[in-house]
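Line by line, the protein sequences give chains X and B. For the first sequence, this note's numbering assigns the number 66 to the initial residue and increments by one for each residue that follows. For the second sequence, this note's numbering assigns the number 61 to the initial residue and increments by one for each residue that follows.
Do not take every clue at face value.
Stated by the list, open to error - Here are the computed distance ranges between Cβ atoms for each label pair:
1) B:191 to X:246: 22 to 30 Å
2) B:118 to X:187: 32 to 40 Å
3) B:144 to X:126: 54 to 62 Å
4) X:368 to B:117: 47 to 55 Å
5) B:84 to X:188: 54 to 62 Å
6) B:191 to X:323: 51 to 59 Å
7) B:118 to X:208: 26 to 34 Å
8) X:181 to B:205: 15 to 23 Å
9) X:368 to B:103: 54 to 62 Å
10) B:117 to X:256: 32 to 40 Å
11) B:205 to X:256: 32 to 40 Å
For the record, the hints were derived by calculation from the structure and aren't laboratory data. Bear in mind the structure is a predicted one, so any value in this text is a computation, not a measurement. All C-beta atoms, glycine included, are put in the ideal place defined by N, C-alpha and C.
Here is what each chain is made of, one letter per residue.
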Amino acid sequence: MIRLEHVSKRFEAGGQTVEAVKDVSLHIEKGSIAGIIGFSGAGKSTLARCVNLLERPTEGRVIVGGSELTALSGRQLREKRKKIGMIFQHFNLFASRTVYGNVAYPLRGSGRSKKEIEDKVKPLLELVGLSDKADAYPSQLSGGQKQRVAIARALASDPEVLLSDEATSALDPETTQSILRLLKEVNRALGVTILIITHEMQVIKEICSQVYVMEGGRIVEQGDVFQVFAVPRQAVTRRFVDSTSHLSRIQELLDDPARPIKLNPGDYLFRLNYLERSTSEALISNISRRFELDVNILLGSIELIDGNPLGGLVVVAGGGHDKIAAAAEYLSKRNVQVEVISHG
Amino acid sequence: MAELLNQIIPDVVARSDQLWRAFWETIQMVGISGAISLVLGIPYGVLLFTTREGGVLQNRPVNFILGRVCDFFRSIPFILLAILLLGLSRLVVGVAIGVRGAIIPLVFGTVPFLGRQTESALAEVPAGLIEAAEAIGSSPWEIIWRVYLREAVPGITRGVTITIVSLINFTAVAGTLGAGGLGNFAIMYGHSKNLPQITWTVILIIVVLVSAVQFVGGYIAKKATH
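Modelling step: build the complete structure from the supplied sequences, incorporating the hints.
This is how it looks when you write it as structure tokens:
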């Protein structure tokens with residue numbers, strides 16, 4: 066649905082050239098929800114804006130829904146943009162228009178009757194749960210409500226694609242969840258392909274099936290969300306994984322002079338990382354029974370992605386060197402990465 | 061009431077017919093040149109803003125010319141501008157004096173002013189809204205009509221208010237050049253015949269007029285802000 070081929074974007078500023086996007090190629094399938102994650106300055110917003118040509122790429126081709134946008138005239142491009150909705154971090158609602166007026170904006174001026182517009186706007190307001198706010202002005206709404214209006218507006222011209230540029234970054238966690246649920250619903254009910262730009266790992270985990278990790282203008286890692294985050298290959302990906310897990314806190318605990326963690330002689334401190342979609346069995350009780358180990362869970366961070374657990378545990382195991390080695394091998398065979406952090 | 065006024069400002073009451081006519085002339089000058097200036101000044105400001113670098117009608121040469129023309133007329137003190145335009149006025153409306161003769165200089169003094177006011181009102185419209193409209197597929201003209209001019213109503217109203225106030229000012233100056241109106245009345249009687257009652261009365265009327273314009277402008281701007 067969205068295909069970028071060797072897209073680069075350079076900005077000239079004060080005699081200096083900044084290359085915000087460097088040779089990016091990607092393909093997002095129809096009906097899917099894909100995410101681009103990166104820290105600020107990674108070039109992800111510029112890349113998203115290249116999809117509807119709000120930024121015209123310096124090089125490369127942009128193809129959406131089969132037509133090459135980079136080859137279109139101004140008028141043709143505007144027609145095509147009607148099929149690409151976009152929502153923004155700061156909502157960008159028209160302050161002088163009511164909620165109804167904002168959602169109707171894309172429909173007006175194209176020969177539709179009042180009735181036709183109403184028939185389009187009302188169900189959209191219902192979909193985003195704001196039927197009772199039709200006559201309110203944006204300044205009277207909360208952040209989450211504003212984003213809902215923006216989503217309804219973006220959907221008014223029946224887009225095939227929805228671009229979400231940091232759409233939840235200005236919202237609190239609870240509101241973020243509700244907006245993500247709405248996007249998921251939009252994807253499911255209307256079949257809209259969604260491309261999400263974010264710096265929040267949580268957002269990717271929540272709704273994306275595909276993820277692209279960006280750093281320094283390039284896509285450094287990509288694949289399905291579970292794979293990329295279960296086995297992060299790049300340091301930047303690892304940082305995103307750690308940002309939603311507290312397993313890395315173990316190092317702090319070990320360094321703490323109050324020594325909250327005491328290891329007895331023969332004890333091993335392990336970090337277990339779940340790598341594959343395979344951890345539905347009761348691994349901890351299995352190894353403690355099978356290898357007669359005492360296993361104590363110190364930290365745990367496991368989330369379900371696409372119904373599969375992702376994350377890991379930090380455990381202390383005691384019971385003798387040989388038994389522990391055997392248990393570690395057993396776990397490795399079940400696609401659990403075993404990492405010795407320390408031993409007593 | 062008439063009795064009371066006669067006691068306080070006998071010089072004014074004695075010339076109340078002329079005062080009334082002068083007031084009416086001022087209103088005519090402000091009304092006619094104000095209306096023409098609105099029609100020309102707001103589009104001028106829209107072009108000044110939208111032809112800027114990065115604007116929806118980006119056009120360097122046009123922007124440069126519009127900007128310089130604007131600055132040229134704005135940098136000339138109005139009294140000199142009025143003298144300069146007497147010839148043009150005679151050519152276009154046939155006379156260089158009276159209410160009709162004042163229209164052309166007033167328009168030339170006001171349009172660049174309102175243009176700049178409009179330009180800065182449009183600059184206050186958040187760039188994100190323009191981006192959203194572009195993403196929706198709006199054309200540059202649609203963006204001007206449906207986004208800029210609509211979102212900037214409060215700012216443009218404030219600009220128009222300031223412009224009308226300065227226009228009232230200009231008419232007083234034009235009055236000294238034979239355009240009639242309150243300015244002329246104050247100069248002829250208050251100054252030349254040394255009748256301070258006349259001067260003060262005219263000042264009071266102008267203050268009330270300006271306050272009324274301010275009030276109405278402020279009210280509309282407030283109503284249009286959501």
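Could you tell me which of the hints above the structure violates, numbers in ascending order? Violated hints: none; all satisfied.
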